[in-house]
Amino acid sequence: MNTQKKMHPLPIRLMHWTNAIAMIIMIMSGWKIYNDEVIFGFLHFPDAITLGPWAQHGLQWHFFGMWVLALNGLAYLAYGVISGRFRRLLLPISPREVIREALAALTFKLQHADLTHYNAVQKTLYVGVILVIILQVISGLAIWKPVQFSFLVSLFGDFQGARIVHFFGMTAICLFMVVHIALALLVPRTILAMLTGGPRVDVRPADAPVSINSPNM
Amino acid sequence: MSIIRRSTSLFQPRRGPEQRILTENRALIEDIDRRKLLRGAVSLGALSMLTGCDVAEQPQVQSVLRTVSSFNDRVQAAIFDPNRLAPTYSEAQVVNPPRFNAYYEIENVKPIDISGWKLELAGLINDRRPWNIEQIYALPEQEEIIKHICVEGWDYIGQWSGPNLRHFLTLVGADLTAKYVAFHGNDDYLEVIDMPSALHPQTILATKYAREPITDPFGYPLRLRTAVKLGFKNPKWIRAIEVTNTYQEGFWEKQGFNWFSGL
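Going line by line, the protein sequences match chains A and B. Read in order, the letters of the first sequence correspond to residues 32 to 248 in the numbering used here. Read in order, the letters of the second sequence correspond to residues -10 to 252 in the numbering used here.
None of these hints come from the bench; they were simulated from the model. One or more hints might be untrue.
What the hints assert, rightly or not - Lysine-lysine pairs mimicking DSS-like chemistry, simulated, CA-CA at most 25 Å apart:
id : chain 1 : residue 1 : chain 2 : residue 2
1  : A       : K37       : A       : K154
2  : B       : K99       : B       : K168
3  : B       : K99       : B       : K197
4  : B       : K107      : A       : K176
5  : B       : K197      : B       : K107
6  : B       : K243      : A       : K176
Unchecked claim - Just so you have them, the derived chain B footprint on chain A, three or more residues with Cβ under 8 Å:
id : region
7  : 174 to 183
8  : 190 to 199
Built from N, CA and C at the ideal position, the CB exists for glycine as well.
Sequences and hints are given; from them, build the entire structure.
In structure tokens form, the structure reads like this:
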């Protein structure tokens, strides 16, 4: 029985890059929409980095991108759960490990010889950004349908509360992207792996606990 | 949605300034507006240079995006629950005067001369006799303290009253199985809503704001107020109502805004 497959199987690679494009569309068109009624008086996004000449075009892009982002995201979550990828790569996360490895990363001492094993900082960032994207979908639905989904609006206080949460969710995703892209550029093999699939890993279900129960746990 | 950029924020007062101050400082305000116009003209020029390479305006891209927008109309119609009521608020939360918005500035509003005003009826309606304002005032009134949410992102709580639209359409013998209700504004502003939204219990033909007749800038003598649509789908200064099965795009939809724009 063949139990070896590439670290990033083809569906993961396709969904990763689809998500990257959808997210860029959502962020740049979102900035256009934001500019029409700013939340912070000091903050306008320059036209050069927004999508669409006018607010209506920003809205058109945003309500196109939402389908790509949401459908791709659902497929990714389903794949991650069913294939055991989330359990194998992202869980569990130990807070002690996160602190130790974050310090190591900041002093450029973090080991990354093994691409197939995510360290605690990576796990936290990946799980964190997935949760933030889910929050963006929820706050986005609240803003889009504040009457039909009024129960979602009440999660954020009121309509403006949902707008503020949606704005800070965007900010968090942008910060994630800065760190994610910077680290990928520091270790270019990771970019290659997300294009070609990377090294082969053992994915037998029986082996899954082995990679989880690393000596540090 | 307005052509001139606003920089309102949550950290600025929600209530507008007192009208007296506006009158007393008219000269100063007009001067500020002139400067705003100049600044607007300059950024418009800069924008026209950018649009040459803006991907969103290329015809093929526009056609794809508008197709998705039409698909989103159908999704929104499917999501729409005719029995779900929008949240309502207390009288203490009402903002008075309401916030002005149109495709032109408030000083360009052309008030309606009520002596010559009539509400015309057209399309799939049995009794198309026009209505004068006294006849409309004589109808039972319904009050709604609801949020006005603008596609731009701002909102305020308003207190509107007037006849229920479903009641009015039933009274004049409109075909309630028709697809659309179109409203023609005195300022050549056309807006069309789907029949289910027109028949929603919180859709009214508003004649009053905070129990007083609506003032000129906000649609005197008659405007639409529905709790289930974005602000721009609530036309002011209505002069004609048409019940129809013909799809029409309103003022803002022609410029690319989403047709259904339901809340």
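K243 (chain B) and K176 (chain A): Cα distance at most 25 Å? holds, 22 Å
Given the proposed pairing of K107 (chain B) with K176 (chain A), does the C-alpha separation stay at or below 25 Å? violated, 35 Å
Three or more residues of the region 190 to 199 of chain A near chain B by CB distance under 8 Å? This one holds; 4 residues, not fewer than the three required, reach chain B with a Cβ under 8 Å.
Coverage criterion applied to the region 174 to 183 of chain A (partner chain B; beta-carbon cut 8 Å; 3 residues): holds (count 5)
Under the criterion that the straight-line Cα-Cα distance not exceed 25 Å, is the pair K99 (chain B), K168 (chain B) satisfied? violated, 31 Å
Is the straight-line distance between the alpha-carbon of K197 (chain B) and that of K107 (chain B) 25 Å or less? Roughly 17 Å separates the two Cα atoms, so the pair holds.
Does K154 (chain A) lie within 25 Å of K37 (chain A) when you go C-alpha to C-alpha? holds, 19 Å
Hinted pair K99 (chain B) and K197 (chain B), Cα distance within 25 Å: holds, 19 Å
Of the numbered hints listed earlier, those contradicted by the structure are 2, 4.
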